[in-house]
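Required output: the full structure, derived from the provided sequences and hints.
2 protein chains.
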Amino acid sequence: MNFALAVHGGAGLSRAGSLSPERQASCRAALEEALRTGARTLASGGSAVDAVEAAVIILEDSPLFNAGHGAVLNADGDAELDAGIMDGRQRTAGGVAGLRRTRNPIQAARAAMEHSPHVLLSGAGADAFASERGLAQVDPAWFVIDERKAQLANLLAGTPDDGSDAYGTVGAVARDLEGHLAAATSTGGTAGKRYGRIGDSPIIGAGTWAWDSTCAVSCTGDGEAFIRSHLAGRVSDWIEMSGLSLREAAHRAIHHDLTGGKGGLIAVGKAGPAVMPYNTAGMFRGRIDMRGEPEVSIW
Amino acid sequence: MNFALAVHGGAGLSRAGSLSPERQASCRAALEEALRTGARTLASGGSAVDAVEAAVIILEDSPLFNAGHGAVLNADGDAELDAGIMDGRQRTAGGVAGLRRTRNPIQAARAAMEHSPHVLLSGAGADAFASERGLAQVDPAWFVIDERKAQLANLLAGTPDDGSDAYGTVGAVARDLEGHLAAATSTGGTAGKRYGRIGDSPIIGAGTWAWDSTCAVSCTGDGEAFIRSHLAGRVSDWIEMSGLSLREAAHRAIHHDLTGGKGGLIAVGKAGPAVMPYNTAGMFRGRIDMRGEPEVSIW
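Those protein sequences? They're chains D and E, same order as listed.
Position in the first sequence (first residue = 1) + 19 = this note's numbering.
Position in the second sequence (first residue = 1) + 19 = this note's numbering.
Calculated from the structure, these hints are not laboratory results.
Mixed in with the good hints, there may be bad ones.
To be verified - In silico SDA-like pairs for lysine to any residue, Cα to Cα no more than 20 Å straight-line:
{"no.": "1", "chain 1": "E", "residue 1": "K281", "chain 2": "D", "residue 2": "M132"}
{"no.": "2", "chain 1": "D", "residue 1": "K281", "chain 2": "E", "residue 2": "P136"}
{"no.": "3", "chain 1": "E", "residue 1": "K281", "chain 2": "D", "residue 2": "T111"}
{"no.": "4", "chain 1": "E", "residue 1": "K281", "chain 2": "E", "residue 2": "G211"}
{"no.": "5", "chain 1": "D", "residue 1": "K281", "chain 2": "E", "residue 2": "R110"}
{"no.": "6", "chain 1": "D", "residue 1": "K281", "chain 2": "E", "residue 2": "T111"}
In structure tokens:
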């Protein structure tokens with residue numbers, strides 16, 4: 020059995036010229052670090068769940084992506100963080116929405132999966148649960164970086180997009196040496212969001228899905244479109260119900276099923292390498308397997 | 020084209036002896052009123068969306084069911100209300116989670132569908148959105164009835180179940196005279212819930228789904244199991260991807276796909292009557308079509 024791991028740092032890139040060479044290099048380095056971190060877990064016999072969590076934590080802690088530290092800001096200027104995780108063995112899952120104090124949202128999602136009778140927790144209650152589980156809490160200002168303040172100010176002023184929307188949701192999918200699958204997704208959602216908006220990332224079957232019998236999927240893009248298409252679940256259902264291959268199912272989901280929005284996904288199945296389709300100009304993405312060299316792409 | 024409408028008032032009934040004859044009669048009368056109200060809308064050429072909203076409002080306002088007035092209470096003794104709605108024409112959808120002040124949660128879900136850029140709103144933000152849209156706001160105490168206070172006290176004291184868990188989530192599915200489909204679900208969730216728990220009702224593809232090409236579905240039962248199975252979406256996917264009939268798809272979803280929990284669903288397709296499978300001892304349910312006589316069942 021060959022392990023497989025893929026990560027994404029978000030789709031939604033509007034054009035190839037919107038990222039400086041330095042920024043591209045920094046993003047590539049962060050994605051490679053996430054891949055190497057997750058691959059070390061898998062190579063040593065760790066579980067797919069451990070690998071996707073470890074990879075996502077790297078990307079949450081990086082200010083380059085829209086998750087954890089450096090997340091986009093809501094209309095009030097605050098970070099409100101969503102994350103979801105699923106273990107393909109028994110289809111157990113956890114999601115958290117609207118976190119404001121828990122440093123690594125993906126850890127809260129995992130705690131919900133393993134230690135809560137509920138699958139999906141929200142708001143102050145989700146932070147309280149994470150705190151009770153001993154997860155690191157931070158001042159809400161810890162998540163906020165100047166670049167995101169400027170992005171929100173431009174958005175609220177109606178200034179045309181400057182390309183900073185290019186940095187998105189993060190996620191990981193993995194198959195471990197025992198053939199088990201897992202998926203994890205973490206995000207700050209959409210810049211300027213209002214009214215406690217929850218996106219697709221913490222919604223099992225929309226932005227995150229894993230089942231050993233079919234595939235593990237993590238999505239990124241216009242969350243509302245992914246929810247209305249229950250898109251991650253559809254990739255799995257195409258494999259189960261219609262006998263499509265992982266590649267066929269993932270491409271059909273992104274290029275045919277996803278209506279009213281754009282985005283991409285990473286997915287891994289029972290065998291073979293990860294697939295990473297998207298219908299935007301680019302998607303931060305990368306994959307690695309037992310051969311050991313990270314393969315990272317943007318456009 | 021024959022219209023069709025079905026409603027449910029929750030599954031989870033543990034045994035036939037747990038409801039007094041008077042209680043059963045009251046529940047039947049409320050379900051019949053919901054069916055007649057929705058059927059009047061459909062018979063006069065109203066849309067499926069209007070019909071399911073009107074039917075659910077009747078059940079939210081009834082103290083007999085776990086939605087709106089008379090909802091179950093969370094661990095703090097408060098009602099926290101979830102609702103979801105979907106229009107099968109364009110697969111537009113709206114969901115609200117954790118409402119505490121909006122009198123009719125299904126109206127807030129519909130407002131989210133029609134007037135918000137976001138699909139899923141939560142917490143105080145969702146109430147604020149509903150209030151801005153002019154929807155009636157009430158004191159949180161308006162939702163709370165003595166029976167639910169006693170239920171929570173028993174639950175927190177560890178007293179064995181007295182059968183009052185029998186009254187559940189409400190929902191409606193409809194096909195209108197133009198053949199369009201819609202689904203709506205509203206709930207107080209699970210008694211004693213904590214940490215801002217969100218159930219399957221407001222999650223598109225889990226507890227609520229509608230697409231003119233396949234079916235409209237509203238679920239009730241152990242919400243966590245429905246989320247982890249993206250169950251409403253699976254009914255639709257079985258029809259689309261495997262060519263199953265509505266009846267085959269709905270039965271397969273409830274009796275095979277739903278793992279780790281119990282419940283039921285109501286579903287209506289492009290033609291024919293509604294189906295109403297469940298794997299609990301009973302489910303409050305009813306259906307009506309152009310022939311005009313409501314058919315209501317519990318066991």
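Find the hints from earlier in the document that the structure breaks and name them by number, from lowest to highest. none
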